[in-house]
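For the protein sequence lines, the chains are A and X, in the order given. With my numbering, the residue at position 84 of the first sequence is 91, and numbering never jumps. With my numbering, the residue at position 18 of the second sequence is 22, and numbering never jumps.
Hints are computed from structural coordinates only; laboratory data are not their basis. A few of these clues could be false.
Unchecked claim - Derived pair list, reagent style DSBU-like, types lysine-lysine, alpha-carbon separation capped at 35 angstroms:
#1 K20/A with K110/X
#2 K114/X with K7/X
#3 K20/A with K59/A
#4 K7/X with K59/A
#5 K37/A with K7/X
#6 K114/X with K56/X
#7 K110/X with K7/X
#8 K73/X with K37/A
#9 K56/X with K37/A
#10 K56/X with K110/X
#11 K20/A with K37/A
#12 K56/X with K7/X
#13 K56/X with K59/A
#14 K110/X with K37/A
#15 K110/X with K73/X
#16 K7/X with K73/X
#17 K37/A with K59/A
#18 K73/X with K114/X
#19 K56/X with K73/X
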Amino acid sequence: DAGVTQSPTHLIKTRGQHVTLRCSPISGHKSVSWYQQVLGQGPQFIFQYYEKEERGRGNFPDRFSARQFPNYSSELNVNALLLGDSALYLCASSRNIQSYEQYFGPGTRLTVT
Amino acid sequence: DAKTTQPPSMDCAEGRAANLPCNHSTISGNEYVYWYRQIHSQGPQYIIHGLKNNETNEMASLIITEDRKSSTLILPHATLRDTAVYYCIVRGWDSNYQLIWGAGTKLIIKP
Numbered sequence: 008d009a010g011v012t013q014s015p016t017h018l019i020k021t022r023g024q025h026v027t028l029r030c031s032p033i034s035g036h037k038s039v040s041w042y043q044q045v046l047g048q049g050p051q052f053i054f055q056y057y058e059k060e061e062r063g064r065g066n067f068p069d070r071f072s073a074r075q076f077p078n079y080s081s082e083l084n085v086n087a088l089l090l091g092d093s094a095l096y097l098c099a100s101s102r103n104i105q106s107y108e109q110y111f112g113p114g115t116r117l118t119v120t
Numbered sequence: 005d006a007k008t009t010q011p012p013s014m015d016c017a018e019g020r021a022a023n024l025p026c027n028h029s030t031i032s033g034n035e036y037v038y039w040y041r042q043i044h045s046q047g048p049q050y051i052i053h054g055l056k057n058n059e060t061n062e063m064a065s066l067i068i069t070e071d072r073k074s075s076t077l078i079l080p081h082a083t084l085r086d087t088a089v090y091y092c093i094v095r096g097w098d099s100n101y102q103l104i105w106g107a108g109t110k111l112i113i114k115p
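Build out the structure end to end from the sequences listed, making use of the hints.
Given below as structure tokens:
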């Protein structure tokens, strides 16, 4: 089975622009979480979705939004990009919301100039 | 804020056991201890988790002290491919299922 896939792998945007990142979970997994990882730090939780509903939100501004589709894939949207949004964005899937294990994708490297 | 404290870096000789400590003195009764690792340029990978009993799987062993205030992840025969950042995380079964990550321990396996 394929693991968690994310697209694109790398992205360069300019301040003020908007970006959409995509994630496809492992087949059969219904929960998707998004994390932001700045260089040298651990991942920071942004959102968790389960069965197309938001079930958790981290301490991120309203410029960050996400959704989950009927096929359980997910999008993370960031508006009005700032230089500080430059990071690795990680998507993780799990079978359900209480699963012990989260399976991470390779991430999308976003650079804001 | 992360509920765990880990040393920023450690070295271990190839073939030896790597013992990674983690302090979680404020852990509550319903919180589990999880370990993940992140190899350079990859997404994090689940290793093991436990509540109060010691746990072992094909990757590692987890030793949790009786008071649950600290734990140790043991990689029994470290290889060069085990070089990674190792994260110790505590998480409870409440309405918020997020993982709260610290900075982790950079483990370097030396030949």
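The hints, checked one at a time:
Distance restraint check for K20/A and K110/X: the Cα-Cα separation of roughly 31 angstroms lies within the 35 angstroms cut-off, and the hinted pair is therefore satisfied. Pair hint K114/X plus K7/X holds up; C-alpha atoms about 30 angstroms apart against a cutoff of 35 angstroms. With a CA separation close to 28 angstroms, the supplied pair K20/A and K59/A stays within the 35 angstroms bound. Taken as a hint, the K7/X and K59/A pair is honoured in the structure, with Cα atoms around 29 angstroms apart against an allowance of 35 angstroms.
Proximity of K37/A to K7/X is assessed by CA-CA distance (about 27 angstroms); at most 35 angstroms being required, the pair is judged to hold. Straight-line distance between C-alpha atoms of K114/X and K56/X comes to about 32 angstroms, which keeps the hinted pair within the 35 angstroms bound. A threshold of 35 angstroms between alpha carbons decides the hint, and for K110/X with K7/X the separation of about 18 angstroms falls inside it, so the pair holds. Only pairs whose Cα atoms come within 35 angstroms are accepted, and K73/X paired with K37/A is accepted, the gap being roughly 33 angstroms.
Between K56/X and K37/A the alpha-carbon distance is near 28 angstroms, which keeps this suggested pair within the 35 angstroms criterion. About 25 angstroms separates the Cα atoms of K56/X and K110/X, which keeps this hinted pair within 35 angstroms; it holds. Only pairs whose Cα atoms come within 35 angstroms are accepted, and K20/A paired with K37/A is accepted, the gap being roughly 30 angstroms. The suggested pairing of K56/X with K7/X holds, with an alpha-carbon distance near 17 angstroms, which does not exceed 35 angstroms.
Between K56/X and K59/A, the direct Cα distance comes to roughly 34 angstroms. Compliance with the 35 angstroms bound is thereby established for this hinted pair. Between K110/X and K37/A, the direct Cα distance comes to roughly 32 angstroms. Compliance with the 35 angstroms bound is thereby established for this hinted pair. Between K110/X and K73/X the alpha-carbon distance is near 22 angstroms, which keeps this suggested pair within the 35 angstroms criterion. Restraint check: the Cα-Cα separation between K7/X and K73/X comes to about 11 angstroms, which is no more than 35 angstroms; the hinted pair holds.
For the suggested pair K37/A and K59/A, the alpha carbons sit about 8 angstroms apart, so the restraint of at most 35 angstroms is met. Taking the CA atoms of K73/X and K114/X, the gap is about 30 angstroms. The hint holds against a cut of 35 angstroms. Taking the CA atoms of K56/X and K73/X, the gap is about 10 angstroms. The hint holds against a cut of 35 angstroms.
In terms of the numbered hints stated before, the structure departs from none.
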